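S.K.: So the sequence lines, in the order shown, correspond to chains A, B, C and D. Be aware that the first sequence starts at 0, since it is given in numbering that gives the first Met the number 0, and climbs by one per residue. Be aware that the second sequence starts at 0, since it is given in numbering that gives the first Met the number 0, and climbs by one per residue. Be aware that the third sequence starts at 0, since it is given in numbering that gives the first Met the number 0, and climbs by one per residue. Be aware that the fourth sequence starts at 0, since it is given in numbering that gives the first Met the number 0, and climbs by one per residue.
If a hint is listed, it holds; no wrong ones were tucked in.
Derived Cβ-Cβ restraints for the label pairs, each shown as a range:
id	chain 1	residue 1	chain 2	residue 2	range
1	D	Leu287	A	Lys94	41 to 49 angstroms
2	B	Gly108	A	Asp87	29 to 37 angstroms
3	A	Tyr113	D	Leu287	55 to 63 angstroms
4	C	Arg15	A	Thr55	37 to 45 angstroms
5	D	Lys139	C	Asp268	38 to 46 angstroms
6	D	Pro102	C	Gln172	35 to 43 angstroms
7	D	Asp128	C	Ala177	36 to 44 angstroms
8	C	Gly299	A	Gly108	16 to 24 angstroms
9	C	Lys72	D	Tyr101	29 to 37 angstroms
10	A	Thr55	B	His60	50 to 58 angstroms
Please keep in mind that the hints were generated in silico from the structure rather than gathered at the bench. All of these numbers come straight from a predicted model, not from anything done at the bench. Backbone N, C-alpha and C define an ideal beta-carbon position, used for all residues, glycine too.
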Amino acid sequence: MINFNEVSKVYTRGARPALDEVTVAIERGDFVFLVGASGSGKSTFLKLVLREERPTSGRIHVAGRDLGRLASWRVPLLRREIGAVFQDFRLLPNKNVFQNVAFALQVIGKNRRYIDSSVPEILDLVGLGGKEKRLPHELSGGEQQRVAIARAFVNRPPILLCDEPTGNLDPGTSVGIMKLLDRINRTGTTVLMATHDDLIVDQMRKRVIELREGRVVRDQLQGVYGLEPA
Amino acid sequence: MINFNEVSKVYTRGARPALDEVTVAIERGDFVFLVGASGSGKSTFLKLVLREERPTSGRIHVAGRDLGRLASWRVPLLRREIGAVFQDFRLLPNKNVFQNVAFALQVIGKNRRYIDSSVPEILDLVGLGGKEKRLPHELSGGEQQRVAIARAFVNRPPILLCDEPTGNLDPGTSVGIMKLLDRINRTGTTVLMATHDDLIVDQMRKRVIELREGRVVRDQLQGVYGLEPA
Amino acid sequence: MRLRFIITEVFQGLRRNTTMAFSVIIVTLVSLAFVGAAALLQTQVGKLKDDWYDKVEVSIFLCPNVSVFAQCKAGPVTDAQQEEIIRVLETGALGDIVEQVYPESKEEAWENLLKRDPDGFFAQQLTADDMQPSLRVKLKDPEQFALVADAVGELDGVEHVFDQREVFDTLFQILNRATLLAAALAVVMLLAAMLLITTTIRLSALSRRRETTIMRMVGSSKTLIQLPFMLEGVIAATTGAVLSIIGLWLTVRYLVQDWLVTSNLNWVDYIDQGDVLAVAPWLILIALGLSAVSSLVTLGRYTSA
Amino acid sequence: MRLRFIITEVFQGLRRNTTMAFSVIIVTLVSLAFVGAAALLQTQVGKLKDDWYDKVEVSIFLCPNVSVFAQCKAGPVTDAQQEEIIRVLETGALGDIVEQVYPESKEEAWENLLKRDPDGFFAQQLTADDMQPSLRVKLKDPEQFALVADAVGELDGVEHVFDQREVFDTLFQILNRATLLAAALAVVMLLAAMLLITTTIRLSALSRRRETTIMRMVGSSKTLIQLPFMLEGVIAATTGAVLSIIGLWLTVRYLVQDWLVTSNLNWVDYIDQGDVLAVAPWLILIALGLSAVSSLVTLGRYTSA
Ligand SMILES: Nc1ncnc2c1ncn2[C@@H]1O[C@H](COP(=O)(O)OP(=O)(O)OP(=O)(O)O)[C@@H](O)[C@H]1O
Ligand SMILES: Nc1ncnc2c1ncn2[C@@H]1O[C@H](COP(=O)(O)OP(=O)(O)OP(=O)(O)O)[C@@H](O)[C@H]1O
Ligand SMILES: [Mg+2]
Ligand SMILES: [Mg+2]
Chain A
0 MINFNEVSKV YTRGARPALD EVTVAIERGD FVFLVGASGS GKSTFLKLVL
50 REERPTSGRI HVAGRDLGRL ASWRVPLLRR EIGAVFQDFR LLPNKNVFQN
100 VAFALQVIGK NRRYIDSSVP EILDLVGLGG KEKRLPHELS GGEQQRVAIA
150 RAFVNRPPIL LCDEPTGNLD PGTSVGIMKL LDRINRTGTT VLMATHDDLI
200 VDQMRKRVIE LREGRVVRDQ LQGVYGLEPA
Chain B
0 MINFNEVSKV YTRGARPALD EVTVAIERGD FVFLVGASGS GKSTFLKLVL
50 REERPTSGRI HVAGRDLGRL ASWRVPLLRR EIGAVFQDFR LLPNKNVFQN
100 VAFALQVIGK NRRYIDSSVP EILDLVGLGG KEKRLPHELS GGEQQRVAIA
150 RAFVNRPPIL LCDEPTGNLD PGTSVGIMKL LDRINRTGTT VLMATHDDLI
200 VDQMRKRVIE LREGRVVRDQ LQGVYGLEPA
Chain C
0 MRLRFIITEV FQGLRRNTTM AFSVIIVTLV SLAFVGAAAL LQTQVGKLKD
50 DWYDKVEVSI FLCPNVSVFA QCKAGPVTDA QQEEIIRVLE TGALGDIVEQ
100 VYPESKEEAW ENLLKRDPDG FFAQQLTADD MQPSLRVKLK DPEQFALVAD
150 AVGELDGVEH VFDQREVFDT LFQILNRATL LAAALAVVML LAAMLLITTT
200 IRLSALSRRR ETTIMRMVGS SKTLIQLPFM LEGVIAATTG AVLSIIGLWL
250 TVRYLVQDWL VTSNLNWVDY IDQGDVLAVA PWLILIALGL SAVSSLVTLG
300 RYTSA
Chain D
0 MRLRFIITEV FQGLRRNTTM AFSVIIVTLV SLAFVGAAAL LQTQVGKLKD
50 DWYDKVEVSI FLCPNVSVFA QCKAGPVTDA QQEEIIRVLE TGALGDIVEQ
100 VYPESKEEAW ENLLKRDPDG FFAQQLTADD MQPSLRVKLK DPEQFALVAD
150 AVGELDGVEH VFDQREVFDT LFQILNRATL LAAALAVVML LAAMLLITTT
200 IRLSALSRRR ETTIMRMVGS SKTLIQLPFM LEGVIAATTG AVLSIIGLWL
250 TVRYLVQDWL VTSNLNWVDY IDQGDVLAVA PWLILIALGL SAVSSLVTLG
300 RYTSA
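Modelling step: build the complete structure from the supplied sequences, incorporating the hints.
M.R.: This is the structure we're talking about:
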C-alpha cells in the first residue's frame, strides 16, 4: 500500500536530512505506529505519502501509484485515497459538525444526495450521532478529533494518516480515539499514525516503526514505544 | 501570589461557564499542576491570571494586584511579573536563539548592556549554552521549548505559567523540561502548569488542582494525575 | 453543487474582505475612468478635426464694406479682385500646394453666424451686409501657410490672411495635453489597481487558508481551490469597470451634452453617450485582463504552498 | 534601543508588505494630487477674478473712427458725447448701481493690445487710431447689467454695450466644474486611500501577529506594540503626499508656467510654483490625518485581541 525505497528528504541544503535512506513497506490493512523523538522525521514521512513534499531521492509508491511520476494534476486523485488527521483538528470554526464533514465531500464534487446519506452514517460510526448541529467550540477536544477523523474517513479512503492525533488530548480521551482508529483499521483501512504517546503504543501492541534522526532504527511487529522503558 | 475568589468565566452567554466559582490560593514558591480533561478550563484559568481575559464574576489577585481594578495601561507591568510558556513554543522563526530571548527584553525597553549580560546567563541555565546562533528550525522540539522557557524567565519574573509545555514533546524530552521547571521553581519562582501528561504529574508529586467542567474538584498536595488510574 | 459552492465562496470572500474589495472597486473605477477620459478626449479631438481642421486651414478675409485696415481704403472687394485672388491661389507656384479654395460670401458668413448664435448681440445688431466675405483655402501641406500669406497678402481686395490652425492648435494642444495627463494618471492608477487586486487575492487566500488546506488535503481539484479567488478579483475589477462606465456616461450626458451643448459653445460637435458605449467594452476588457494577470501572478504562490 | 527597535520594525513591515505600501503611496499620491488640483484651480479662478472680474464688469464700446454699426454712422464719439454718457452713468437712477466708471481711450486700448500680444497680427497692422475707446463700468450689483444697457445703449456715441461677465462666466463655470470634478475624484480617492491604509495596517498586524503576541505576553507597552504599525501608515501616506506635491509642482512648472505662459494665452495671470507650496502643507496634513484616523480605527482591533 505504501512503499518507501531508499527515500531521503533534505529541506535545507547542507543540513542533516529529515529522512535518510528510508526503506519501508506497509501492506493493505496494516496498523503502524511511527514513533521517534521530536524532529526525527515522522511528519516528513507523512507529508511524503500525501505528496505535500517531494523526496530528494528515492522512490515512493502509494496505493499503486509511483509518486515520482505522478502528474501534478493527478495529485488530487491520490489524496482522495488518503484520509489525514492532525494534532490540531483543523476544523472550520464557523461550520457545524455536519457541515465540517460535508465540506470534504462538497469540494471533491459529490452531490447532495450522496452527502446527505454518507455524513450521518460516518458520524454514527465515530460516535457523534445527535451532535450534528454543534459548532466545534461547543465540543470537547476528543469530540473535535472525532469530527476530524470523520472528515478524513467519510470518503472511505483505503489509507488513513494520523499525525499525533492525541497530542492535544488527555489520556482518557486519547484511549477513546485509539479505539475508534482500531475500529476503522478493522474495516480494512491501512492506518499509519505518528505519535509520542508511549502509553498508547504500549497498550495497542501494533507494528512500530521508530525513526531516529531520519533513519529507521526499528521496525517491529507488536512493538512498544521505546526499547528502554520511558 | 495568585488568588482566585469565586471566579466565574462565561465566554458565550447561555453556554456552560468555562470556569465556575473557582476559589484557589497559590502561594509564593508553589509548584502547581492544573489538570483536567480537555475543555475543563485550564487555559482559561491561565488567561485570567495573565489578564488576557477578564472574569465574568469574582475577584482575582496576582502578585499583590487586584486585577479587577487594574487600569489597562498597567497590564504590561503585571505581565512583566509573569512568564508564560505555551505548547507551541511561539518562537520567531527568523530570529536565532539569542535574538528570540533578547526580543523579550528589547520590547520592555531594557538596554543593550543588560541584554548582553542576562541572555547568555539564562541560556546557560536552561542548558542551551553554545547554541545561541541556531535558528528555531535547527533545534529539536525540546530545545525549542527551552528557548521559550528562557524567554519567559529571562526577566526573572516571580510567576511562571506553562500551558501544556510538554504537549508536543516525546516522553524523554518532556522529562528534561520538567527537570528544568523544577530547577526554576527551586529558585523561589511560583510555577503553575496546565497539563494532560499523567506520567509527569505522577512522577513529580507536586500540588495538583483538578478542574472538571470549570469547577475545582480536587486540590491535593503531592497529588497524582487521576484518582482512578488512567 | 460545485457552482453553488463556488458562488458561496466568492461572496463570502468578498464579504470578509469588504474594505479590500471596495478599494479595488474604487481604484479600478478611477483608473478606468481615466483610461476612458483619455479615449474620449481623443475622440473629441478627432471630431473637432473632422469638423474643421481638415476642411479649412487658411482664411483669406476680403475687404468688407467698412474696415479699419489701410489696405481696404479703396472700398469692398470686387468680383474681379476675388477672381484674381482665386486665380493666384489655384495656379502658378501656389497651385501645387493649394488643394482647394472655398469662397464664403457675406451671405454665407451671415447664415453661419445666425446658425451659431441666433439670439446673440451681433445677430441682432448686424445685417448680412456688415459681414465680411472670405476665401477658405485648404492646403496639401498645412506647413506652407507662410507662402500663401506672402503671395496673396498684398493683393487688392485682401484685408488680412489668417491661419485658422493657430486657434485650433492651441485648443488641440490643450486637449492633447489633457489626454496625456489622463493617460499618465490612468497608467499609475492601473498599476495601483493591479497591486490591489494582487493583495486582495492574497489576503483572501490567507484568510481562507484553513479551508484551502483542507481542500488540498481531501483532494479537491486545483481549479476548484483557485477559482473562487480569481472570481473575486474579476468581480471586484469588473464592478469598478462598470461603475467607471456609468460615471463617464453621466459625465458626458450631463456635463458635455446638457451643459456644454446648451451653452454658447454649442457650435462645436461634442462627444455623446454613444462614444462612451464604444469605449465601454474596452474598459471591461482591461478590467478582466488586469484581474487575470494579477491572479496568475498571485495564486500559484498563495494557495498551493 | 527602543527607537532603533521601532525603526527596524517599521521598515521590516514596509518591506514585508511592499505591494500594499506601494498601493497606499500611489493612491494617496493620486488622491492628494486631486485635492491639490482642486485647490489650485480655485486659486486660478481667484487670480482671474482679481485680475478682471472685480475691476470690470460692463464695457460700453464707443464709436470708433470706422464702424459697421448703424448708430455710429455720425462718426467717432466726441468728448461731449462721452461726458454725457458718463453723466448718465454717475447720476440719476444709474448713480445708485454704478460703483465706478473707468474710461479707456484709444491710446490706452492700444497699449493694452501691445502688452497682450506685441508681435501679433493686429499689433502689426493697426495703429492707435484704429482702436475703439470704451467706458468700463463697475456695478455695485453685477446683476443690474440690463438697466445699464437700457439706459445708455441708445445714447449718441455708444456703439454697443457688452457684459464682460458673459465671457468670464463661461470660463469660470468651466474652471468651477473642473474644481468640482477634481474634488469629487479627490473624495473618492481619499476614501480608497483610507480603506487601503486600514488594510495595510491590518495586513501588517496580521503578518506580525507572532511578534505582537509575544510582545503583549512579556509586558511590552501598548505604545511600543502599536507605534510601528501607525508609523508604517504614516510613512506610506506621507510619501504619497510628498510625491503628489512634486507632481503638482512639476505640472505647474512645466505645463502652466513654461507652456501656457509662453503660449499666446500669456496675458492671463497664472498660478505658479509658490501656489503649489502654499497648498503643500495642507496636503501633508491631510495625509497625516488620514493615516491617524485609519490607525485609530484599525489598531485597537488587530493588535490587542
Ligand atoms: N518545512 C521545513 N523546512 C525546513 N526544515 C524542516 C521543515 N519541516 C521540517 N523540517 C526539519 O526536518 C526535521 C524533521 O521534521 P519533522 O517535522 O518531520 O519531525 P517530527 O518527527 O514530526 O517532529 P515532531 O515530533 O516535533 O512533530 C526537523 O529537523 C525539522 O527542523
Ligand atoms: N475564546 C473562547 N470563546 C468561546 N469559548 C471558549 C473560548 N476559549 C475557550 N472556550 C470554551 O471554554 C471552555 C474551556 O476552555 P479551555 O481552553 O480553558 O479548556 P482547556 O482545559 O484548556 O482544554 P484543552 O485541554 O483542550 O486545552 C471550553 O468549553 C471552550 O470551548
Ligand atoms: Mg511532527
Ligand atoms: Mg488549553
